[in-house]
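Number of protein chains: 2
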Amino acid sequence: MDIRTIFDACHFSSEKMQKVNLFATTELFLDVYCLEPGQKQKVHTHDEASKFYVVLEGHGHFHIADETKDVGPGQTVLARAGESHGVENASEERLILLVGMAPPPNHA
Amino acid sequence: MDIRTIFDACHFSSEKMQKVNLFATTELFLDVYCLEPGQKQKVHTHDEASKFYVVLEGHGHFHIADETKDVGPGQTVLARAGESHGVENASEERLILLVGMAPPPNHA
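Note that the protein sequences, when read in sequence, are chains W and V.
Number 66 in the working numbering belongs to position 54 of the first sequence; there are no gaps in the numbering.
Number 91 in the working numbering belongs to position 79 of the second sequence; there are no gaps in the numbering.
Hints are computed from structural coordinates only; laboratory data are not their basis.
Possibly wrong hints are sitting among the right ones.
Intra- or inter-copy, both count: the list cannot distinguish identical chains.
What the hints assert, rightly or not - Derived pair list, reagent style SDA-like, types lysine to any residue, alpha-carbon separation capped at 25 Å:
hint : residue 1 : residue 2
1    : Lys28     : Thr38
2    : Lys81     : Asp43
3    : Lys81     : Ile15
4    : Lys81     : Asn118
5    : Lys81     : Arg92
6    : Lys52     : Gly86
7    : Lys54     : Leu68
8    : Lys81     : Met13
9    : Lys52     : Met13
Please put together the full structure from these sequences, using the hints given.
Below you can see the structure in the form of structure tokens.
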């Protein structure tokens, strides 16, 4: 059975945000993103894929389709196909995100 | 911005497991499933969609492709397209799951 323990998979680097894949199929991927304070995922767009972020720990400063908001633990954020999106850890604590996208980039 | 607070969305019923949709796009859905002790999602199969479960609270007894395992908080389980899958709350505590599927059923 494909089971992953999310926090065990998570690892951080002082160089940049770490993306760790949990699951990948032809229909979706599920990653964990690990951001030290000050690290970010640059704003970008997928024309044909939806992405969601779940904040597991810490606070993220999200940019979705020209809106920006701080999002905290237990909250989830959606970026629809064609909406620009990115996230920055503007806090002083680590940020851990569960991130899913469908379809995955090589199929989008 | 599409933001949902997962535990605020969750609600339980003594009648059956509750599924609450958080996000739905043409590419994916993200739900929260709320199971009282003894409640379950029957084993079923989607031939062309992948589904993942994240245990947010409690313990789930998962059936995936003829394997069964107990999965706890912070763990995630994958059911690939064509794999039978279901979950039962065989514990004495409530079970809360974040569940995503791609593509959603009406597109699969």
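Non-conforming hints, listed in increasing numerical order: Those not satisfied are hints 1, 4.
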